[in-house]
Amino acid sequence: MILRYRIIRSKSKNDLHQNKANRVRLDFVRYFQYVKECIFPLSANLAASETDSLAAENQPALLSATNLTCIREERLLFDQLTLEINAGDIVQIEGPNGSGKTSLLRILAGLSQPYNGDVFYKNQLITQSREEFHQNLLYLGHLAGVKDEMTAQENLNFNLTLHGLSIHSSELEETLTLANLTGFEDSLASHLSAGQHRRIALARLYKSTADIWILDEPFTAIDKQGVNSLEQLFKAHIKQGGCVILTTHQDLLTFSPSQVKKITLDYIGE
Amino acid sequence: MWKWLHPYANPEVSYHFAGKILPWLSALAALFLSIGLIWALAFAPADYQQGDSFRIFYIHVPAASLSMGIYLGMAIAAFTSLVWQFKLADASAAAMAPVGATFTAIALITGAAWGKPMWGTWWIWDARLTSELILLFLYLGVIALHNAFEDKNLAGKAAGILTLVGVINLPIIKYSVEWWNTLHQGSTVSKLGKPSMSVDMLWPFVFCFLGFIFLVSVFICIRFRSEILARNSIRPWVRTLVSEHIAQEKTNAV
Amino acid sequence: MQFDSFSAFINMGGYGFYVWLSYGVATALLLILMFSSVTGHKHVIKNIAQRKQREDKLRQVREQRQKQDKQSKSTLSEEVTE
Amino acid sequence: MSVANLSYRAVFALVLKRDLTIAMRHKDDIINPLLFFVIVVTLFPLGIGPEAQTLSRIAPGIIWVAALLSTLLSLDRLFKSDHVDGSLEQMLLSPQPVFILVLAKIVAHWLITGLPLILIAPLLAVLLHLNEQSYGALILTLLLGTPVLSLLGAIGVALTVGIKKGGVLLSLLVLPLYIPVLIFATSAIDTAALGLPYSGQLAIIAALFFGSLTLAPFAVGAALKVSTN
Chain Y
1 MILRYRIIRS
11 KSKNDLHQNK
21 ANRVRLDFVR
31 YFQYVKECIF
41 PLSANLAASE
51 TDSLAAENQP
61 ALLSATNLTC
71 IREERLLFDQ
81 LTLEINAGDI
91 VQIEGPNGSG
101 KTSLLRILAG
111 LSQPYNGDVF
121 YKNQLITQSR
131 EEFHQNLLYL
141 GHLAGVKDEM
151 TAQENLNFNL
161 TLHGLSIHSS
171 ELEETLTLAN
181 LTGFEDSLAS
191 HLSAGQHRRI
201 ALARLYKSTA
211 DIWILDEPFT
221 AIDKQGVNSL
231 EQLFKAHIKQ
241 GGCVILTTHQ
251 DLLTFSPSQV
261 KKITLDYIGE
Chain D
1001 MWKWLHPYAN
1011 PEVSYHFAGK
1021 ILPWLSALAA
1031 LFLSIGLIWA
1041 LAFAPADYQQ
1051 GDSFRIFYIH
1061 VPAASLSMGI
1071 YLGMAIAAFT
1081 SLVWQFKLAD
1091 ASAAAMAPVG
1101 ATFTAIALIT
1111 GAAWGKPMWG
1121 TWWIWDARLT
1131 SELILLFLYL
1141 GVIALHNAFE
1151 DKNLAGKAAG
1161 ILTLVGVINL
1171 PIIKYSVEWW
1181 NTLHQGSTVS
1191 KLGKPSMSVD
1201 MLWPFVFCFL
1211 GFIFLVSVFI
1221 CIRFRSEILA
1231 RNSIRPWVRT
1241 LVSEHIAQEK
1251 TNAV
Chain W
2001 MQFDSFSAFI
2011 NMGGYGFYVW
2021 LSYGVATALL
2031 LILMFSSVTG
2041 HKHVIKNIAQ
2051 RKQREDKLRQ
2061 VREQRQKQDK
2071 QSKSTLSEEV
2081 TE
Chain R
3001 MSVANLSYRA
3011 VFALVLKRDL
3021 TIAMRHKDDI
3031 INPLLFFVIV
3041 VTLFPLGIGP
3051 EAQTLSRIAP
3061 GIIWVAALLS
3071 TLLSLDRLFK
3081 SDHVDGSLEQ
3091 MLLSPQPVFI
3101 LVLAKIVAHW
3111 LITGLPLILI
3121 APLLAVLLHL
3131 NEQSYGALIL
3141 TLLLGTPVLS
3151 LLGAIGVALT
3161 VGIKKGGVLL
3171 SLLVLPLYIP
3181 VLIFATSAID
3191 TAALGLPYSG
3201 QLAIIAALFF
3211 GSLTLAPFAV
3221 GAALKVSTN
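Residue numbers (this note's numbering), protein chains in the order written: chain Y, 1 to 270; chain D, 1001 to 1254; chain W, 2001 to 2082; chain R, 3001 to 3229.
No lab work stands behind these hints: they were computed from the structure.
As the structure is a prediction and not an experimental result, all values here were calculated from the model.
Some hints could be false.
Unchecked claim - Pairwise CB distance ranges, derived in the manner of DEER restraints:
no., chain 1, residue 1, chain 2, residue 2, range
1, W, Asp-2056, Y, Lys-122, 37 to 45 Å
2, R, Leu-3143, D, Leu-1183, 17 to 25 Å
3, Y, Lys-235, R, Ala-3013, 36 to 44 Å
4, R, Leu-3043, D, Gln-1049, 44 to 52 Å
5, R, Ala-3207, D, Ser-1198, 40 to 48 Å
6, Y, Lys-224, R, His-3026, 40 to 48 Å
7, W, Asp-2056, Y, Thr-127, 30 to 38 Å
8, Y, Lys-235, R, Ala-3206, 32 to 40 Å
9, Y, Thr-209, R, Phe-3099, 53 to 61 Å
Said to hold, decoys possible - Taking lysine-lysine pairs in the DSSO-like style, the calculated list, with each CA pair at most 27 Å apart, reads:
no., chain 1, residue 1, chain 2, residue 2
10, D, Lys-1087, R, Lys-3017
11, D, Lys-1250, W, Lys-2057
12, Y, Lys-262, W, Lys-2070
13, R, Lys-3225, R, Lys-3080
No residue lacks a Cβ here, since even glycine has one placed at the ideal position from N, Cα and C.
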């Protein structure tokens, strides 16, 4: 794992050097060829995933961004970032603290406006197709969006209904059971722990019909078992043609490294 | 239709353009103001009713109308920036706010100083003075909002929304204050009304007014330039400009 | 000239205090605005210069780190070939 | 489970119900501004003197200024807690129109703070010896005027919700915008005390109400997008 991480890092560093425009690109084909040459000269597994990603290119990318530039407090976080995320991708955004991971996720979700550049959902500007995009987007930020004054069940119900999913109370309880919140359905969120707070927010994932999941540090305060079941959930979501974009400081354990695409943000001002 | 505007939408071009017209504007402001003010103070005839106190008129009225005009300009800039995402408009709105606030303050203070000999009291809840006071509050709100945000772009957007809300409210406030004033003051007629001016009073007024307009443009140009620099601080052209500037200062110091 | 003498000019027909107060305050406020605008401009330039210095320093640190990374990478690839 | 496009009314009801539920579980948010209103009003007779004539002369002004201040005090909770725990982001990211969400929140705020104020105002009017003919005008102006306060105030809160010390700034932004309501409302009450018709002033307040009802939610939506940026 560490080995792979380093090589990808230096690869993207090379890119930074070669390309004055400083594109951190997600050029999957080139990326896989590089990895192939470096470590796995003959790997059937990789070849298969390569054709997968090639096939996906025929469809419009689920989420794409062109020339994103982000400035925060007069600091340039990234410049001319172009990326393309297809159905079936799981993308991990990494970089040191303050490198703009959260900013990138917020821009992709349409919460923040970039200084420059555009974000597209299926080749349509997200600002123009706001309603359709938001129907197909699930974003969970640092803050869970869980009200202390409401019970777990009320919170989940509100969050789902607001996003256009009507659900029966029996199903609500089922979902909360899936999220390992059995017995806490009717307790106020203020009485629950940080991890349980997070679980209430994450419970939405089990019922989500959105294609795009954007998750900012979803595993914070979640126990090992919870992380595992979340990863299973991601797998199922990807299989159904969705995509997951996330930041996390731990590596995804149940995914083989080749499945996870990485974007490294590590910009140094010119 | 807007193609001719395109080069000025570039911050670098506008920065240098503002720098180029700055000396001309300053010269014009100095010329018009010196002629206008000397004429107003020494040569214009005294008003037959108000005597020489009328000479306050030559700064009070330009300041008052400019304070409203600048707010309107700010609102137009805010509108263009919010609707067309025109970043330079933000910078110009930010440049205008303190200038407008200063002119509002001048209008208020000169109004009070004019009111004392006329009404016998420094402050009277006259409709015009009251709405000028509220205008000052609106300006201070915009400035405070600008300062409250760390990020200049966000500050510009937030202040832009507030400016637009303010500009919709301003006529309502003005109308309500006038209405309130007539209701409570009954027969007291505002004495700050414009008297019928003779020609030898009008000319110095015109000179003063034009001079103040040029002066306002000078202020806005200076502040606009610093706003552009602050908003584009990561751009290479700003970097080279700044390092040249610093180098020049060092040689000057030596 | 409306006034016979300089003292009459200062006196302004009895309204001298108010007239000169208005003109004085207006001039003072405009001077303050001018001062703040000009120093504001200089302040912005100084700030940018400072930030530039800080970023230069940061870049140096990063470049050093990158060099170290390269070294460790070459040792790593040796390990792989082994 | 089904994916359904909620009707605007359903979205409105959903958010309104949520905000009211939260308020009911946090009763001090309702009671504190109300207590503030009562205390400010009772301070005036202590400061000015108990003469009935003076008090009844200034009663409309006192009640209205106290109403402005207590609205201002309660405004902070309109978006602040939602911003702090991230549910504001989630609302902005929902496929529902921001206009409806914002309007529902403002209506909830008015029901929580404006309505109790109107209910308690006649009681305070008694303490201030308000002219008997003015009670109708007092209630009507409060009924039409306090929603305007909530609507205009929401713009200010939306602009300052992301700022750490937004409370003081809020009053600077919002109070000048409240002036027309204050002027017309107090004048309506004064006119009523003279036994004259005050429908003119009421019509103007109603115009302010409908104007801000249609325009303010848009401004609030835009401001929230800036604040959550």
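The hints, checked one at a time:
Look at W:Asp-2056 against Y:Lys-122: about 42 Å separates their beta carbons, and that is inside 37 to 45 Å. Range check, R:Leu-3143 to D:Leu-1183: Cβ separation about 22 Å, and the 17 to 25 Å hint holds. At roughly 37 Å, the beta carbons of Y:Lys-235 and R:Ala-3013 sit within the given window of 36 to 44 Å. For R:Leu-3043 and D:Gln-1049, the hinted distance range of 44 to 52 Å is satisfied, since their beta carbons lie about 45 Å from each other.
Checked against the hint of 40 to 48 Å, the pair R:Ala-3207 and D:Ser-1198 passes, with Cβ atoms roughly 42 Å apart. About 36 Å separates the C-beta atoms of Y:Lys-224 and R:His-3026, a value inconsistent with the hinted range of 40 to 48 Å. The hinted window of 30 to 38 Å between W:Asp-2056 and Y:Thr-127 holds, with their beta carbons roughly 37 Å apart. In this structure the supplied range 32 to 40 Å is violated for Y:Lys-235 paired with R:Ala-3206, their Cβ-Cβ distance being about 59 Å.
Taking the beta carbon of each, Y:Thr-209 and R:Phe-3099 are about 24 Å apart, not inside 53 to 61 Å as hinted. Using a Cα cut-off of 27 Å, the hinted pair D:Lys-1087 and R:Lys-3017 is violated, with the two alpha carbons roughly 40 Å apart. The straight-line distance between the Cα atoms of D:Lys-1250 and W:Lys-2057 is roughly 21 Å, inside the 27 Å bound, and the hint therefore holds. A C-alpha spacing of about 20 Å is found between Y:Lys-262 and W:Lys-2070, which places the hinted pair at or below 27 Å, so the restraint holds.
Of the pairs offered as hints, the one joining R:Lys-3225 and R:Lys-3080 holds, with about 14 Å between alpha carbons and a cut-off of 27 Å not exceeded.
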